[in-house]
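Asks: Residue strings, one per chain:
There are 2 protein chains.
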Amino acid sequence: MSERVFNFSPGPAVLPEEVLEQARQDIWNIGGTGIGILEHSHRGKIFDEVISEAESDCRELAHLPPDYRVLFLHGGASTQFFMLPAGFLPEGGTADYVNTGSWSKKAIKEAKLYGHVHIAGSSEDANFTYIPTAEEISYSEAAAYVHFTSNNTIFGTQFASAPTPPEGVWLACDASSDIFSRPIDWTHHGLVYAGAQKNLGPAGVTLVIIREDLLSRSTVRELATMLRYRQHADNDSRYNTPNVFGVYIMGRTLKWMLANGGLGTLRERNAAKAKIIYDVLDSSSLFKGTARADSRSQMNLTFRARSEELESMFIAEAEKQGLVGLKGHRSVGGMRASLYNAFPVKGCEALAQLMRDFEARYG
Amino acid sequence: MSERVFNFSPGPAVLPEEVLEQARQDIWNIGGTGIGILEHSHRGKIFDEVISEAESDCRELAHLPPDYRVLFLHGGASTQFFMLPAGFLPEGGTADYVNTGSWSKKAIKEAKLYGHVHIAGSSEDANFTYIPTAEEISYSEAAAYVHFTSNNTIFGTQFASAPTPPEGVWLACDASSDIFSRPIDWTHHGLVYAGAQKNLGPAGVTLVIIREDLLSRSTVRELATMLRYRQHADNDSRYNTPNVFGVYIMGRTLKWMLANGGLGTLRERNAAKAKIIYDVLDSSSLFKGTARADSRSQMNLTFRARSEELESMFIAEAEKQGLVGLKGHRSVGGMRASLYNAFPVKGCEALAQLMRDFEARYG
Chain D
1 MSERVFNFSP GPAVLPEEVL EQARQDIWNI GGTGIGILEH SHRGKIFDEV ISEAESDCRE
61 LAHLPPDYRV LFLHGGASTQ FFMLPAGFLP EGGTADYVNT GSWSKKAIKE AKLYGHVHIA
121 GSSEDANFTY IPTAEEISYS EAAAYVHFTS NNTIFGTQFA SAPTPPEGVW LACDASSDIF
181 SRPIDWTHHG LVYAGAQKNL GPAGVTLVII REDLLSRSTV RELATMLRYR QHADNDSRYN
241 TPNVFGVYIM GRTLKWMLAN GGLGTLRERN AAKAKIIYDV LDSSSLFKGT ARADSRSQMN
301 LTFRARSEEL ESMFIAEAEK QGLVGLKGHR SVGGMRASLY NAFPVKGCEA LAQLMRDFEA
361 RYG
Chain Y
1 MSERVFNFSP GPAVLPEEVL EQARQDIWNI GGTGIGILEH SHRGKIFDEV ISEAESDCRE
61 LAHLPPDYRV LFLHGGASTQ FFMLPAGFLP EGGTADYVNT GSWSKKAIKE AKLYGHVHIA
121 GSSEDANFTY IPTAEEISYS EAAAYVHFTS NNTIFGTQFA SAPTPPEGVW LACDASSDIF
181 SRPIDWTHHG LVYAGAQKNL GPAGVTLVII REDLLSRSTV RELATMLRYR QHADNDSRYN
241 TPNVFGVYIM GRTLKWMLAN GGLGTLRERN AAKAKIIYDV LDSSSLFKGT ARADSRSQMN
301 LTFRARSEEL ESMFIAEAEK QGLVGLKGHR SVGGMRASLY NAFPVKGCEA LAQLMRDFEA
361 RYG
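Chains as they are written, first to last, in the numbering used here: chain D, 1 to 363; chain Y, 1 to 363.
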């Protein structure tokens, strides 16, 4: 078996090797049942355990208050983009959105199908290189909710902390690319959603954490059964067949996070990992970070070199050294190092070393 | 590693062991890339190959005419229950549905949110123990489409062949539990959908095969982006991040089907497998099949014993012998042997032997 490389992919992304090793066993035969995890009924004992442990581990890891429900849904964050306003933005009503990049814009586009959208803040004026400050955000009167994208994979920015919504208004957060990379203050959060494929597991399963009181409200319009959060909550995420393997891997990854110290420890570790690269950027004359310093992401570090030619050379050289997936998103170019929870410190050190070597030669 | 058992589960269900063995390697490191299949970008070279081969293998296997598109979507068949009428049943319009059991009823319920439903045929009068004949089906004038469930997992019935819709009307088929168990006559089919977790792969990915002309029609109502078939087709199933692992396993399973002779051979093999059990049922005084003989499923064989007590004893004894998952659906009781493509002939022989032994003792 050939060696594994350092995988800087923005998602689907690197997973903990312990989780993969376990999965390789369990695909063949889990828990001595003579049946692999892909082949077990979603209503059988094995999966009962998998999903209930995934839920309780999620609660423990996130320090989730008891009045929140944990759902494992289909459809990715892109389905949440419309399921959220379909469920909570009444016709004629207004929802507030903070626009911090491509994913925010997609969420906004879907919300407009259902009601009015007020852009409470935006960094589009500077190509999304920063996160609007509290002073730069102004809410509408009586918003149905306030939506924000906690981390922006493409532009390499991240909210240092959640925005504070007006009194009585709840936050909806697309946390796809930084969920469980650090503790979450649940105070204002009504609904947090995350496609699994960055910090949580494989693509194809979406974690939704929703406050109980939102489930018991009357719905703002008639909805197909699969689009009702309440339906999924009442059926413990098994109204239809869930992504069994996705929930399984997410569960194992949550256990790995707990075993590695939980969210406080992960925050410190992630900050230390990101600092290794940002320190190089800050002392470089060849490389330059693209995000404003106060808005930098700890998950996706975006940077440019002096020329596109040097960028191509750098990416090619990195690949040769087993540092893979460093090309920036096609819409912005440059480089991007994605350092999710499972990404090892050693990979950051290797990248930093390569950047320094490269600068010594071409700087 | 302990032995694998005979897994009669109705789904998620047994997968080909060759596919599982390959997956165990590829989860760690696929194609010598140093990255596992769960961790590869859905826009990278490895997944480009996976998804394009899955599509071309699907075309080859199904003898798919060139004017159909192959999509790999999220959300299970339950999402298709509403995505289909949302896309094709205009407000005030009528769609025809053949009601052959629980899954048909769920599809009907969702369609009613969007327009009128005409029940073109139903076997509800006899607890869904049969498939309505052509004479028992009567269509409405100018239906938007005719929907049927080709195989009914719970009631153990299966359409011997697709119903013939009125001139110019297309069929929509929920083929979740018998897709690719036999050849498909594409003549009238406009849209075929199937949750993967029976014949195709793991839960969490849905195969949708749709005729080109349906994609190019103007939509009957404004829809969220994720609910537009056209959007997924235009983006080769990668408008958002697909279930990478689900598509991968489906692709490997399609290759396994091709290597095993294709759909004609699988039909013969599946018929032979089912015959092993039906022959026992037909000569038994203790066991009795629940479906009418002309409507019997080759995938899910439902049967009862003389008493519920004997049924419990039989299921327990089977389990001890490594024949697992034979309990009937909670809504109907009794026994159910699910014999999907990957289920081995030997398992059918073992079950038949046990049934005969059991009858010798308790018959």
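Any given hint could be a false lead.
Computed, partial: chain Y to chain D, Cβ under 8 Å [said to hold, decoys possible]:
no., residue
1, His63
2, Leu64
3, Pro66
4, Val205
5, Thr225
6, Gln321
What the hints contain is simulated information worked out from the structure, not anything from laboratory work.
All C-beta atoms in this analysis are idealised placements derived from N, C-alpha and C, irrespective of residue type, glycine included.
Asks: Now look at each hint and say whether the structure bears it out.
Replies: Verification of the hints:
{"no.": "1", "hint": "His63", "verdict": "28 Å, violated"}
{"no.": "2", "hint": "Leu64", "verdict": "24 Å, violated"}
{"no.": "3", "hint": "Pro66", "verdict": "29 Å, violated"}
{"no.": "4", "hint": "Val205", "verdict": "7 Å, holds"}
{"no.": "5", "hint": "Thr225", "verdict": "6 Å, holds"}
{"no.": "6", "hint": "Gln321", "verdict": "12 Å, violated"}
This entry does not satisfy hints 1, 2, 3, 6, going by the numbered hints stated previously.
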